[in-house]
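There are 4 protein chains.
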Amino acid sequence: MTDRGLNEECGVFGIWGVDDAPDLVYYGLHALQHRGQEGCGIVAVDAFGKMTRIKGEGLVTEVFDEDKLSALHGKMAIGHVRYSTTGGGGLENVQPFLFRHHTGDFALAHNGNLVNYDLLRRNLEDLGSLFQSSSDSEVLAHLIKKDSASAHKPRIYAIENALNAVEGAFAFLIMTSKRIYACRDKNGLRPLSIGRLGDGYVVSSETCAFDVLGAEFIRDVEPGEIVTIDHHGIRARKYTHSCSHDMCAMEYIYFARPDSDIEGCNVHSFRKETGRLLYEEAPADADIVVGVPDSSLSAAMGYSEASGLPYEMGLVKNKYIGRTFIYPSQAMREKGVRMKLSAVKTIVRGRRVVLVDDSIVRGTTSRRIVSMLREAGAAEVHVRIASPPIKMPCFYGVDISTYDELISARKSVEEVRASLGADSLAFLSEQALFAAGRRKELCIACFNGHYPTPLYKSVEDANKDGKF
Amino acid sequence: MTDRGLNEECGVFGIWGVDDAPDLVYYGLHALQHRGQEGCGIVAVDAFGKMTRIKGEGLVTEVFDEDKLSALHGKMAIGHVRYSTTGGGGLENVQPFLFRHHTGDFALAHNGNLVNYDLLRRNLEDLGSLFQSSSDSEVLAHLIKKDSASAHKPRIYAIENALNAVEGAFAFLIMTSKRIYACRDKNGLRPLSIGRLGDGYVVSSETCAFDVLGAEFIRDVEPGEIVTIDHHGIRARKYTHSCSHDMCAMEYIYFARPDSDIEGCNVHSFRKETGRLLYEEAPADADIVVGVPDSSLSAAMGYSEASGLPYEMGLVKNKYIGRTFIYPSQAMREKGVRMKLSAVKTIVRGRRVVLVDDSIVRGTTSRRIVSMLREAGAAEVHVRIASPPIKMPCFYGVDISTYDELISARKSVEEVRASLGADSLAFLSEQALFAAGRRKELCIACFNGHYPTPLYKSVEDANKDGKF
Amino acid sequence: MTDRGLNEECGVFGIWGVDDAPDLVYYGLHALQHRGQEGCGIVAVDAFGKMTRIKGEGLVTEVFDEDKLSALHGKMAIGHVRYSTTGGGGLENVQPFLFRHHTGDFALAHNGNLVNYDLLRRNLEDLGSLFQSSSDSEVLAHLIKKDSASAHKPRIYAIENALNAVEGAFAFLIMTSKRIYACRDKNGLRPLSIGRLGDGYVVSSETCAFDVLGAEFIRDVEPGEIVTIDHHGIRARKYTHSCSHDMCAMEYIYFARPDSDIEGCNVHSFRKETGRLLYEEAPADADIVVGVPDSSLSAAMGYSEASGLPYEMGLVKNKYIGRTFIYPSQAMREKGVRMKLSAVKTIVRGRRVVLVDDSIVRGTTSRRIVSMLREAGAAEVHVRIASPPIKMPCFYGVDISTYDELISARKSVEEVRASLGADSLAFLSEQALFAAGRRKELCIACFNGHYPTPLYKSVEDANKDGKF
Amino acid sequence: MTDRGLNEECGVFGIWGVDDAPDLVYYGLHALQHRGQEGCGIVAVDAFGKMTRIKGEGLVTEVFDEDKLSALHGKMAIGHVRYSTTGGGGLENVQPFLFRHHTGDFALAHNGNLVNYDLLRRNLEDLGSLFQSSSDSEVLAHLIKKDSASAHKPRIYAIENALNAVEGAFAFLIMTSKRIYACRDKNGLRPLSIGRLGDGYVVSSETCAFDVLGAEFIRDVEPGEIVTIDHHGIRARKYTHSCSHDMCAMEYIYFARPDSDIEGCNVHSFRKETGRLLYEEAPADADIVVGVPDSSLSAAMGYSEASGLPYEMGLVKNKYIGRTFIYPSQAMREKGVRMKLSAVKTIVRGRRVVLVDDSIVRGTTSRRIVSMLREAGAAEVHVRIASPPIKMPCFYGVDISTYDELISARKSVEEVRASLGADSLAFLSEQALFAAGRRKELCIACFNGHYPTPLYKSVEDANKDGKF
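Protein chains in written order, with the numbering used here: chain X, 12 to 479; chain S, 12 to 479; chain F, 12 to 479; chain A, 12 to 479.
Since the hints were made in silico from the structure, they are not lab data.
Small disclaimer: the values here were computed from a predicted structure and weren't measured.
There's no promise every hint is true.
For chains that are exact copies, the list does not tell them apart, and a pair is met inside one copy or across any two.
With a Cα cut of at most 25 Å, we get these calculated SDA-like pairs of lysine to any residue [stated by the list, open to error]: (1) K402 to R207; (2) K402 to Y128; (3) K330 to R449; (4) K468 to N127; (5) K61 to L130; (6) K328 to P304.
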């Protein structure tokens with residue numbers, strides 16, 4: 012799946028109690044770079060409790076250089092990589108947010124999406140709050156402050172109240188001059204894991220960042236939980252008890268790095284297993300298996316091993332494609348995909364190909380790949396998708412363009428097949444997803460429309476907002 | 012005066028009702044660049060009432076390129092150039108500020124300094140307001156919003172109330188989707204002028220920006236006045252009636268561009284007149300007059316014409332010095348000034364020199380220049396300063412480092428002369444300043460300590476804050 | 012193989028007779044980027060026969076932007092991507108070279124290495140030639156010009172004579188205002204292929220660039236051949252008849268892109284076949300097969316399929332690592348490889364791993380990977396290398412650091428195994444290489460020391476030069 | 012004079028025998044930046060005799076950063092700032108040139124223009140020389156090498172022969188691993204001075220660079236002289252005895268920095284004297300004197316002092332204009348000059364203005380300034396030019412666009428006046444130039460057509476070449 016149509020918003024990463032914390036966050040964000048390439052930032056707390064922030068638009072390696080990193084000091088820091096969703100570009104929306112307050116500054120980083128954001132924001136504004144970004148993440152900060160201001164109770168209660176007010180999918184890191192609070196939504200839609208590094212702690216959207224730092228995985232933050240990290244160590248507290256484990260299936264299928272473990276299940280293994288199950292559910296009479304690089308590699312190998320058909324490198328990705336690549340002539344611009352992906356004639360020519368991809372959003376890319384394989388001489392192209400058809404928009408932070416652009420929303424599998432120009436097409440079943448993850452709960456709302464939270468409006472209305 | 016010790020915070024510029032307003036603001040900010048080189052930004056309102064902001068650290072020509080400017084559209088825009096004061100660096104403090112609100116977004120740009128900022132901010136925070144910058148300018152926005160939120164009265168009343176709450180020196184531009192409000196402090200400490208351009212209007216910290224655009228000067232915003240610019244034209248309203256005309260003398264002496272007119276008096280003419288008066292008050296038996304480039308040129312010419320001594324280019328400034336200049340070897344780094352300024356041996360050798368400068372802050376630069384002239388062979392060096400000795404800190408937006416660094420704060424004129432190594436030294440009298448400007452009111456608090464507003468603490472305490 | 016120790020110098024690409032030729036060369040160079048990342052350049056001939064060059068240090072996407080590309084026009088252009096070898100950095104060595112001459116300018120791009128370069132250069136200098144680069148490629152231009160100057164014969168004869176004078180490995184593109192000459196060394200050590208695009212022609216170091224442009228492969232330039240491309244079409248001519256087909260084995264094993272065909276054999280297929288043969292020659296009693304990304308993937312799959320052991324993603328590469336990545340703390344700097352590669356604990360833990368790599372140069376990287384797998388919990392690590400041990404330096408353009416750094420030069424297989432800390436180690440046999448390529452000739456001098464050309468000094472002396 | 016029509020090519024700077032020589036050359040080039048802003052470079056010789064070069068397009072502060080400068084080491088270095096003349100852009104023409112040769116590398120930097128360049132180059136090419144730039148400076152290197160190659164005599168003889176072969180205006184620096192040769196053309200058209208710095212030496216196009224480094228002026232290189240600088244100290248040798256002292260008058264009038272001394276005469280003093288003489292030759296009945304910033308300031312002051320009319324800052328230059336300034340709207344683009352220069356209404360209004368400029372080339376800028384002053388309300392504008400009318404092209408390195416564009420070439424003074432829209436116009440006489448410089452020889456060919464060297468073709472033909 013190389014469409015731009017499917018992207019998650021953001022990754023968060025934090026360090027508590029380790030020397031050179033900002034440097035470590037730099038490494039951590041770099042490991043989470045696949046979760047957001049539009050902007051990133053780090054807030055560090057120095058030895059005097061002072062918070063400093065560096066942020067910018069672009070990749071971690073573009074935003075930070077030695078000068079910038081060396082301006083950050085201390086043993087605590089949090090960071091954020093951002094994928095910019097509709098209407099939300101611009102530097103002001105790049106996180107972490109940093110709020111200056113005479114009772115103590117605090118910083119906030121957020122992965123996910125709040126479904127009752129509009130309501131909450133309007134309400135806060137009516138009470139005199141001023142918003143500086145169009146990001147839904149800022150609302151939580153205002154909720155916390157409103158609550159802390161009106162009474163002199165410990166901040167943890169204000170955070171609890173704020174978290175109970177918001178609805179949706181989130182992993183929040185909140186940092187004060189002394190501690191980091193790691194919070195997860197009550198449905199467990201977004202991942203957030205805790206690790207140990209020396210005498211300190213690490214929090215990360217994905218465990219792949221732990222390996223980079225040599226940190227040891229301790230446990231996941233539980234749905235509905237606030238984990239406080241400070242000199243007392245780790246203390247957990249539930250802010251609600253109506254919780255579920257509806258982890259976003261797309262984390263397994265597409266977003267997460269294959270070397271991450273999400274709630275105990277390795278992502279590569281999950282994908283490979285979907286490939287095996289896909290073969291069982293939809294075998295194909297073919298000569299070779301070809302995966303769409305890079306995210307479909309694991310599933311394709313699973314299909315290959317289960318089927319006994321050889322895995323061949325029928326598609327090659329140009330790894331030097333980046334944002335600075337320009338498409339000088341118009342004709343070339345239209346061939347966008349060809350620059351990134353090439354079909355290998357010598358491998359494909361005369362062969363019946365099983366093309367394994369992880370998902371189909373708009374279908375544009377799949378159509379181009381099928382046609383590219385045919386031009387390269389493929390005798391037959393059998394498309395196998397390692398997930399069910401995406402039929403519904405997501406309101407929890409996955410940037411599934413707009414409802415009408417989902418090819419499977421209004422088309423049958425046979426119609427989609429025809430549209431792609433494939434010889435056959437099959438999707439994985441929903442049950443297979445649960446089987447691959449060896450779990451009973453998952454959010455598969457984009458496949459079946461069963462949203463685990465209220466949406467505060469109809470799916471059609473929510474989708475029209477273009478907010479998601 | 013080439014010390015970094017004396018700098019003003021910021022310039023503001025706005026356009027209402029002219030096509031390509033953001034482009035014109037770009038030109039306007041460029042003309043105001045001397046008022047702040049640390050950062051700049053533009054907020055524009057497009058045809059649909061949507062506000063877009065571009066801002067960044069650096070010069071106007073560094074922050075904006077064609078791509079960025081072409082992202083801004085519409086017939087209304089305001090902009091800001093920023094000089095970063097103590098502790099206030101960083102992108103979050105670069106203006107204009109932009110606030111998103113469901114009753115309508117609004118933008119704000121500010122030149123000056125609020126003396127009761129700490130008090131107001133703490134109070135607002137206690138009421139639940141969240142601040143994102145450490146700039147004093149953000150406080151006005153919160154004041155306005157707090158007031159607008161609690162009652163459904165027109166915004167102009169909220170602005171009035173907010174302006175009455177703040178104390179200090181300011182020129183504020185506030186832009187909503189329909190109008191621009193131009194406001195000036197009741198003591199008239201900072202300049203703000205209005206001009207006409209075609210069917211629309213221009214507001215600027217200095218009139219030099221009008222000439223660039225071909226705009227016609229209409230009038231200054233009066234102390235204590237809010238001028239509303241919208242499709243009704245220009246409407247003025249006093250938010251208070253206890254006003255004075257204490258224009259900052261430093262605007263005339265050092266900050267403003269020589270081609271600006273401040274409250275009816277041309278800056279170059281003012282400076283030349285101080286040079287003439289300086290000769291009358293303190294003639295020198297010498298051969299040539301040399302001015303410190305660039306800001307002291309006018310005063311030096313006045314001195315030369317009044318004295319009949321020839322003006323000679325005894326000091327030359329390297330105009331290619333910029334922020335990217337590096338000082339590779341340590342020895343060179345120490346000679347910082349020599350890179351920017353050279354004494355011209357052939358001109359200076361054997362001559363008795365009158366060195367005219369606009370002001371002395373720490374005295375470091377003056378000392379280097381005197382010694383540079385002596386090394387170049389000057390027989391005598393008579394220093395003449397076209398303003399009185401600076402003895403007190405400024406709390407109105409002039410970045411006079413800290414109290415203790417002011418060489419004239421604790422030293423007599425004779426002690427300063429000895430410290431500079433000059434053969435003689437004289438300062439201009441306070442009366443001469445008023446005479447040069449042909450006016451009776453001016454803020455000369457940095458010379459005589461008569462601050463036109465309350466300071467909310469003792470001068471010593473205020474100064475210790477390092478807030479100024 | 013992710014060592015920096017093994018790199019080839021350069022790729023060349025040319026277009027004749029196609030509109031927007033410079034744009035197409037941009038695409039072509041981008042497809043050849045893996046052959047050189049240190050610098051690149053394009054020379055284009057416009058409609059008036061004028062040659063313009065743009066070149067710079069960095070990736071194709073870094074050197075060229077829209078402004079720069081749009082400065083190049085015409086239907087003919089050649090380009091070059093450069094890998095900087097020892098001592099040869101700097102802009103002056105970035106190609107194509109461009110020579111201005113009153114009989115017509117000409118440009119030159121070169122992939123490979125000339126073994127009698129020192130001799131020829133000294134000789135030319137004694138005759139008054141001035142060299143501006145330290146690149147061996149400039150010598151050919153001087154040879155051609157010396158010869159053309161002394162007699163008024165057609166340029167093709169001068170080129171023939173020059174090519175007969177140089178010894179070594181090369182693919183040369185020479186462009187005049189009318190034609191492109193594509194030349195290959197008589198031993199056929201470096202690849203060079205010709206394709207058709209519309210009414211024009213394409214020449215490229217690798218065929219993968221043809222697919223990107225939609226060009227059709229015609230044939231390879233033969234060893235010892237000059238192919239002239241102009242309005243007469245394609246004309247070939249042998250400059251010598253003592254030719255062989257000693258294609259560099261490393262092109263197949265490591266350098267070339269898997270989707271390229273070299274002399275009729277697909278690179279991925281070659282590698283996969285080496286993986287199969289490697290299993291036959293050296294099976295391992297293990298649980299999973301893991302390849303070192305990216306270049307060893309094909310071989311690892313071959314091993315997996317032949318052995319029936321599942322292929323698992325036990326190592327993951329961070330695809331956002333680039334040259335701007337910084338290693339802030341010293342401890343991190345030493346872990347260089349861990350940033351690029353991570354071992355996946357959940358996959359590796361408790362398993363017996365067959366680790367397939369394409370080659371071993373210094374052994375440093377292999378050692379780190381083995382240890383990384385063990386730290387991740389691998390029960391056993393069996394290293395299998397899909398090529399023979401590298402024992403000798405290369406003088407034909409492969410940057411095999413220096414002789415003494417080759418781990419297999421002085422160590423037995425068992426000693427290398429011990430040094431890597433592997434449970435077992437096996438290399439592919441030389442015969443298997445020929446079998447995988449289904450060919451009888453290959454240059455495998457780096458494995459067995461049988462250099463296909465004279466070296467003009469002893470291997471030891473040549474190596475000491477540090478020229479290679 | 013702010014036209015782009017009049018520019019000189021280049022400045023050269025060298026250091027021998029001083030630690031951190033490349034750093035010092037950086038400072039020196041920076042002081043010579045006004046002589047060329049298109050590109051610059053430095054070649055340094057390290058302790059092992061190895062030459063390294065860094066060069067690039069742009070200002071000294073743009074091309075060099077700390078990384079680049081720290082790559083250069085040693086006690087010898089030469090540098091160059093380049094003004095790009097017609098057709099001569101591009102990195103390949105940026106100097107110093109560096110030639111690699113087995114008898115020793117050498118570097119070369121050149122200021123000026125060779126009039127028999129075409130002839131010499133064609134001849135050298137016919138003998139087999141290969142040129143890599145289109146710069147006339149490369150020809151000297153080839154001449155030297157051809158001569159050195161054919162016989163084993165000391166290099167100084169080869170340099171002598173080469174200098175005798177070239178005709179035109181030049182200051183050449185030639186650096187080998189041991190010494191620097193500083194050479195000047197036999198007519199002394201371009202300046203070149205030698206200074207002492209500690210135990211070493213400095214060579215520079217202008218003496219202003221000496222002051223920056225604290226170097227002591229020793230003497231000028233004489234016309235027709237080669238000065239060799241090495242561990243023996245300074246040794247001079249004439250390569251010809253038919254010499255003159257035809258220093259380019261434009262160096263005094265416009266190019267050189269006011270703080271430079273050229274052949275014993277300070278440039279500011281020269282200009283001020285021309286202002287005085289201009290008043291004597293052409294007084295004006297007016298109220299104020301206004302100079303065109305920056306280069307006409309000295310002359311305007313001279314005029315003011317001689318006339319007793321006050322000097323006023325009627326025109327102000329925006330010092331933040333740089334190459335990154337963009338002109339967003341078309342209308343603005345046409346007002347180019349207004350952005351750089353503003354007329355100050357308050358000063359100019361109702362006044363009769365004497366506008367002093369240093370020279371007129373095309374007249375475009377002067378016309379705009381006159382009209383700008385009138386728009387600002389000037390009652391009368393009397394233009395006074397501190398040099399004679401430019402009537403002829405220059406072939407010695409001054410970029411006087413093309414013949415036909417010289418407004419004074421075909422128009423009488425009265426016609427020019429009318430074209431400018433001035434109330435009166437007067438130029439300085441030729442005699443006054445000699446008087447101001449207190450010298451009897453000067454090259455004033457652009458005023459009177461008496462070229463001090465043969466041109467090798469008619470003025471018309473030479474001019475048509477567009478080479479100048």
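Hints versus structure:
For the homomeric pair K402 and R207, neither the shortest alpha-carbon distance inside one copy (40 Å) nor that between copies (44 Å) is at most 25 Å. For a Cα distance limit of 25 Å, the shortest separation of K402 from Y128 inside one copy, 24 Å, qualifies, whereas the shortest one across copies, 54 Å, does not. Proximity of K330 to R449 under the C-alpha cut-off of 25 Å is found in neither arrangement, the shortest distances being 34 Å within a copy and 29 Å between copies. When the C-alpha separation of K468 and N127 is checked against a cutoff of 25 Å, the pair qualifies only within one copy, where the shortest distance is 10 Å, while the shortest distance between copies is 46 Å.
In the homo-oligomer, the alpha carbons of K61 and L130 lie at most 25 Å apart only across protomers (21 Å), although the nearest pairing inside one protomer, at 33 Å, exceeds that limit. In this homomeric assembly, K328 and P304 come within 25 Å of each other (Cα to Cα) both inside a single copy, at 6 Å, and across copies, at 13 Å.
Violated hints, in rising order: 1, 3; the structure is consistent with all others.
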